[in-house]
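Join these two chains into a complex; the hints should help.
Note that the protein sequences, when read in sequence, are chains A and B. The opening residue of the first sequence carries number 167 in this note's numbering; numbering runs sequentially from there. The opening residue of the second sequence carries number 37 in this note's numbering; numbering runs sequentially from there.
Just so you know, these hints were derived from the structure itself, not from any lab. Cβ coordinates follow ideal geometry from the N, Cα and C atoms, glycine included. A portion of the hints provided could be inaccurate.
Said to hold, decoys possible - Keeping only pairs whose Cα atoms sit at most 27 Å apart, straight-line, the calculated DSS-like set for lysine-lysine is: (1) Lys-186/B <-> Lys-221/B; (2) Lys-348/A <-> Lys-235/B; (3) Lys-283/B <-> Lys-289/A; (4) Lys-426/A <-> Lys-399/A; (5) Lys-187/B <-> Lys-224/A; (6) Lys-276/B <-> Lys-300/A; (7) Lys-235/B <-> Lys-289/A; (8) Lys-351/A <-> Lys-399/A; (9) Lys-252/B <-> Lys-389/A; (10) Lys-187/B <-> Lys-276/B; (11) Lys-348/A <-> Lys-358/A; (12) Lys-104/B <-> Lys-187/B; (13) Lys-351/A <-> Lys-224/A.
As the list claims (entries may be wrong) - Derived DEER-like restraints, expressed as beta-carbon distance ranges: (14) Val-248/B <-> Tyr-180/A: 16 to 22 Å; (15) Asn-226/B <-> Glu-189/A: 42 to 48 Å; (16) Met-233/A <-> Ala-202/B: 34 to 40 Å; (17) Phe-122/B <-> Asp-186/A: 55 to 61 Å; (18) Val-69/B <-> Glu-189/A: 33 to 39 Å; (19) Arg-194/A <-> Leu-232/B: 41 to 47 Å; (20) Gly-230/B <-> Pro-288/A: 51 to 57 Å; (21) Gly-96/B <-> Cys-202/A: 56 to 62 Å; (22) Val-248/B <-> Glu-363/A: 38 to 44 Å.
As the list claims (entries may be wrong) - Computed footprint of chain A on chain B, listed as stretches where at least three residues anywhere in the stretch have a Cβ under 8 Å from a Cβ of chain A: (23) 205-212; (24) 253-264.
Spelled out from the first residue to the last, the chains are:
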Amino acid sequence: MGDIIKAENIIFEYPVLDEDGNEVSRTRVLDDVSLCVPEGQFLAVLGHNGSGKSTLAKHFNGILLPMSGSVTVDGMDTKDESRIYDIRQTVGMVFQNPDNQIVATIVEEDAAFALENLGVEPKEIRRRVDEALKTVDMYEYREHSPHQLSGGQKQRVAIAGIIAMRPRCIVMDEPTAMLDPKGRKEIMKTIKLLNREHGITVVLITHYMEEAAQADRVVVIDKGKILLDDVPKKIFSQVELLRSVGLDVPQTIELMYELKKSGLDVPDDLLYEEECAEYLFDMLTADVGDKK
Amino acid sequence: MLKDITIGQFFPGNSLIHRLDSRFKIIMDIAYVVMLFTASNYLGLVAVGLFMILLYIMSGVGLRLVLKSLRPIMPLIAITCILNLFFIRGSGEPLLNIGGVIMIYPEGITTSIFMAVRIMFLIIGMSLLTYTTSPIELTDAIERLLSPLKKLHFPVHELAMMMTIALRFIPTLIEETDKIMSAQKARGANLDTGGLMKKAKALIPVMIPLFVSAFKRANELALAMECRCYRGGEGRTRMKQLHSGLKDYIALAVMALFFAELILLNIYIPYLGIPYMVP
Chain A
167 MGDIIKAENI IFEYPVLDED GNEVSRTRVL DDVSLCVPEG QFLAVLGHNG SGKSTLAKHF
227 NGILLPMSGS VTVDGMDTKD ESRIYDIRQT VGMVFQNPDN QIVATIVEED AAFALENLGV
287 EPKEIRRRVD EALKTVDMYE YREHSPHQLS GGQKQRVAIA GIIAMRPRCI VMDEPTAMLD
347 PKGRKEIMKT IKLLNREHGI TVVLITHYME EAAQADRVVV IDKGKILLDD VPKKIFSQVE
407 LLRSVGLDVP QTIELMYELK KSGLDVPDDL LYEEECAEYL FDMLTADVGD KK
Chain B
37 MLKDITIGQF FPGNSLIHRL DSRFKIIMDI AYVVMLFTAS NYLGLVAVGL FMILLYIMSG
97 VGLRLVLKSL RPIMPLIAIT CILNLFFIRG SGEPLLNIGG VIMIYPEGIT TSIFMAVRIM
157 FLIIGMSLLT YTTSPIELTD AIERLLSPLK KLHFPVHELA MMMTIALRFI PTLIEETDKI
217 MSAQKARGAN LDTGGLMKKA KALIPVMIPL FVSAFKRANE LALAMECRCY RGGEGRTRMK
277 QLHSGLKDYI ALAVMALFFA ELILLNIYIP YLGIPYMVP
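Extracted from the complex, chain B is given alone in its bound form (with noise of 0.2 Å):
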C-alpha cells in the first residue's frame, strides 16, 4: 500500500522537458498555478489543458502516471464538486428545490465541473515537475532560487540538506515500516481490521518502533557527515553545477507568451456564451 504513491516520484529521460534547467522549471510550474487560477472561463481552461497536454507529450510520460497521480486527491475533487453543488446560489430559478434547504442551481453544476477540473489540471501539471527532474536537481534548484534568503539569515542550505535527507531516507523507513508490521504481525498484532479508531491504535506498536530506528539512523547519519567534514553550506561547492541555455530562456518566454494569450481571453471574450464567471 505504501510502495504506491507516485507524488515526487521521478521518472529518468531525456526529452526538452527532462533536460530544461531545474530552477527555470520550478519557476514556470508556479506560472503555470497563478495561469489556471488566471483562466476564468472554460475556453482559458481547454487552453491551459491544451498547453498542459503537450508538455506531456513532449515529456514522454505515460498516461498511466498520470491517472495514477490524480488517485489520491480524488476524494478531495469530490468534497469540493458537492460543496459547490449545493451552496452556490444562481440568479434564476433553481433545478432542484427540496423544501428551500438543498437548492442546484445551474450555476452549481458549472462551477463544480469548473473547479473539478481546475483541480486535476493543476495536480497534473505540477506532477510533470517532479516526474522529470530528479530530487537532487529540484532541492538544488530550491537552494538556488531561494538564496537571496539568506541574506535575512533564512536557513537556505539547512532546508536544502533536509529536503535531501528526507527523500533518501523516505525508501529506507517505507522498507522498515514494511517489517515492522510484519513483526508485529507475527506477534499477533491485527493491524486490518476494526473501525477507524481501532485501526490507528493498532498502529502504535507499529510507529513507536519506526521512531526508535528512525532517531538511530539519524544519529548515526550525522556521525557520518561529519566524518565527512560537512560543516554546513559555508564555503560549499558541487559537483554538478545548474546551467541554464538558450531553451532554458526560450522555453520561458514560450510560457510568458501563453500566459498574454491567457489574460486577453479573459478580457474579451469573458463568458463565451456560458453562463459563469469565478466569484
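Okay, chain A solo, but in the shape it has when bound (with noise of 0.2 Å):
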C-alpha cells in the first residue's frame, strides 16, 4: 500500500518577538523531520509539551506549511493552494478541545458542517451525516445540543463531522486530554473502529502511553526531531531512553522493568495487560511447582 502522508525534510520555525514586534531570534519546531504514513496504518506519535508533536501535525493538512521540505497529502502537495479543500478532505483534522471545533447549536447539523461546506446534494448530506452518526454511535443524540453532551460525547461528534467528509485518513491532536477516563476510553474505541473496521488511517497525537501502546506503529518526537519510530514492543522496552526525554512507560512495561532491575530474569516487552498477567500468573504458578 502506497504512503498517504509523506512528509520530507520538513523544517519549521517560529518566530521569537521582542516587546515592539521585532524579530530578536528564531525557534525551530521541527528540525528536518521525514515521516511516511501509509495507508491503514493506526500510527501514535508521542512526545512531551513543547516537542513539536502538534505543529506536525498541522502540517498534514496544510494547516502549517513547512519552511523547507515538503509535505504530499495523496501527491499532492499541501503548498498548492488550488488542491487545499481536496487536501483538507483528504486528511480530517480532530482537535483537542470538543467545545472548541463544534460550529452549530444541533449535533446533526454539526456533522452537516463540512459536507455543507463542500456543497454536497442535500439528500447526500442527510444520508452520510446519518452514517457517521452511527459510525461513532452518537445517532440517538442527533438532535441534541451540544451543550447538554458530555466531554466524550462531543468529541465523538467532533468526529463524526470529520469523518462525514469521508477522508481517507484522520489526525488527532490529543482527543483524550481534555475528557475524563470514560471519555477517554470511549475515544480509544471510536478511533480503533475507524481504523479496523473502515480502514482509515490514524494519526494519533497523544502523551498517553496506554494509548499510544495500542497504536501498530508509534514515533516519538523530542525537541523537533524524531527520537524512535517503531513498533510499540520495541519502543517502550527503551525505558531509560524514554525517561530521559521526558515521556513516561506504560504500567506493565515498567512493572517487568523493575522486576528485571531486582534481579528476575523476565522479557522486557510485555507490553499489553493481558500477556503480562498471563506471564505473571505462570512465573508464579511455576514457581510454587518447583518448591513443591
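This is the structure we're talking about:
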C-alpha cells in the first residue's frame, strides 16, 4: 500500500518577537523531520509538551506549511493552494477541546457542516450524516444541543463531523487530553473502530502511553526531531531513553523493568496487560510447582 | 442568575405553529408588530390580544413561560407608564394638580395603560417566534430572507454564520463565566455586595479572563472550521431545506385578513366611547 502522508525534511520555525514586535530570534520547532504514513496504519506520535508534535500534525493537512521540505498528501503537495480543499477532505483533523470545534447548535447540523461547505447535495448530506453519527454511536443524540452532552460525546460528535467528509486519514491532536477516563475510553474505542473496520488511516498525537501502546507504530518526537520510530513493543522496552526525554512508560513495562532490575529474569517487552498478567501467572505457578 | 434568560430560547414541539416555515413566521412576526402599532383603540388592542392568545394556545407554549418572558422588561414598562402619566396633557380639568407642576389628566391614565399593554403584547408576541422556531431555522430563514441584499454586497451569509456561532457559544460562555466567578470568589473576590459602581468594578477580574478565553476559543474554532473546508457562503449547500407549503400560505392569508379587519376597526370605530386617540 502507498503512503497517504509523506513528509520530507520539513523544517518549521516560530519567530521570537521582542516587546516592539521585532524579530529577535527564531525557535526551531521541527528540525528536518521526515515521516511517511502508509495507508491504513494506526500511527501514534508521542512527545512531551513543546516537543513539536502538534506542529507536525498541523503540517499534515496544510494548516501550517513547512519552511523548507515538503508534505504530500496522497500525491498532492500541501503548498498547492488549488488542491487545499481536496487535501483537507483527504486528511481530516480533530482537536483537543471538543467545545471549540463544534460549530452548530444541533448535533446533526454540526456533523453536516463540512459537507455543506463542500456543496454536497442535501439528500446525500442527510445520508452521510446519519451514517457518520451511527459510526461514532451518537445517532440517538442527533437532535440534541452540544452543551447537553458529556466531553466524550462532544468529541465523538466532532469526529463524526470529520468522518462525514469520508477522509482517508484522520489526524487527532490529543483528542482525549480534556476528557475524563470514561470519555477517553470511548474515544479510543472509536479510533480503533475507524481504523480496523473502516480502514481509515489514523495519526494519533498523544502523551498517554497507554493510548500509544494500542497503535501499530509509534513515533517519538523530542526537540523537533524524530527520536524513535518502531512498533510499540520495541519502543517501550527502551525505558531509560524514554524517561530521559520526559516520557513515561506504560505500567506493564514499568513493572517488568523493575522486576528485571531486582534480578528476575523476565522479558522487557510485555506491553499488553493480558500477556503481562499471563506471564506473571505462569511464572508464579511454575514457582510454586518447583517448590513442591 | 444567568440561567433565567428566556428571550431567544427555543421550546421544541410539534404544533402547527412549530411546523410553519420559519421565513413565513418571521414575516408574520413583523406584520404582528406593525399591526400592534396600527391598533389605535382599545377594541383593536383587544382584538390583537385575542389573536395572540389563540396562537399561543395553538402552539402549546405554557403560560408560565409567557410571564417569565415579561419579567426582564417590567422596568421598561414601568418607566413608560410613569412618563405617560405625568406628561400627557388633556383638554379637560386635571384629576390631580400639585402646584401646576404635577398634573395628571384622565387621558394620561388611559394612555399609560394602553402603552403598557401594547409593550407587553409586543414582547409576548415576538417571543412566540423564538419559542417555536429552532435557532438554526431562524438563522436560516434570516439568511434566505436577506439574500436579495447579497447583490448590494451585504455580507448576508457571514451575518447568519455569526448568529449561529453566537447562539452556539452562549451556553458555553455562561458556564465559563460561572466557573470564573467561583474561582475569583475562592480567591476572596467580593462580587455580590457594595454599590453599583463597586459591583461593576468587581466584575473586571471576571471579564478579563472571560475575554481571553473567548479569543482563544475563537482562534481554535476558526482552525477547526478551516479543517472542515469552510470558505464562506460561496457554493454552500444546506442539509435541511426550508419548505413552504399550503399551510404557510393559509397562515399568511389569515394574518392578512386579520390585518384588514383591524384597519376597518380603526376607520369605523375610532373611539368606541373611550376618549382616547394615540397622539
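Evaluated hints:
no., hint, in the structure
1, Lys-186/B <-> Lys-221/B, "violated, 48 Å"
2, Lys-348/A <-> Lys-235/B, "violated, 40 Å"
3, Lys-283/B <-> Lys-289/A, "holds, 24 Å"
4, Lys-426/A <-> Lys-399/A, "holds, 16 Å"
5, Lys-187/B <-> Lys-224/A, "violated, 37 Å"
6, Lys-276/B <-> Lys-300/A, "holds, 19 Å"
7, Lys-235/B <-> Lys-289/A, "violated, 53 Å"
8, Lys-351/A <-> Lys-399/A, "holds, 21 Å"
9, Lys-252/B <-> Lys-389/A, "holds, 25 Å"
10, Lys-187/B <-> Lys-276/B, "holds, 24 Å"
11, Lys-348/A <-> Lys-358/A, "holds, 16 Å"
12, Lys-104/B <-> Lys-187/B, "violated, 41 Å"
13, Lys-351/A <-> Lys-224/A, "holds, 25 Å"
14, Val-248/B <-> Tyr-180/A: 16 to 22 Å, "holds, 20 Å"
15, Asn-226/B <-> Glu-189/A: 42 to 48 Å, "holds, 44 Å"
16, Met-233/A <-> Ala-202/B: 34 to 40 Å, "holds, 37 Å"
17, Phe-122/B <-> Asp-186/A: 55 to 61 Å, "holds, 59 Å"
18, Val-69/B <-> Glu-189/A: 33 to 39 Å, "violated, 56 Å"
19, Arg-194/A <-> Leu-232/B: 41 to 47 Å, "violated, 53 Å"
20, Gly-230/B <-> Pro-288/A: 51 to 57 Å, "holds, 55 Å"
21, Gly-96/B <-> Cys-202/A: 56 to 62 Å, "holds, 60 Å"
22, Val-248/B <-> Glu-363/A: 38 to 44 Å, "holds, 41 Å"
23, 205-212, "holds (count 3)"
24, 253-264, "holds (count 9)"
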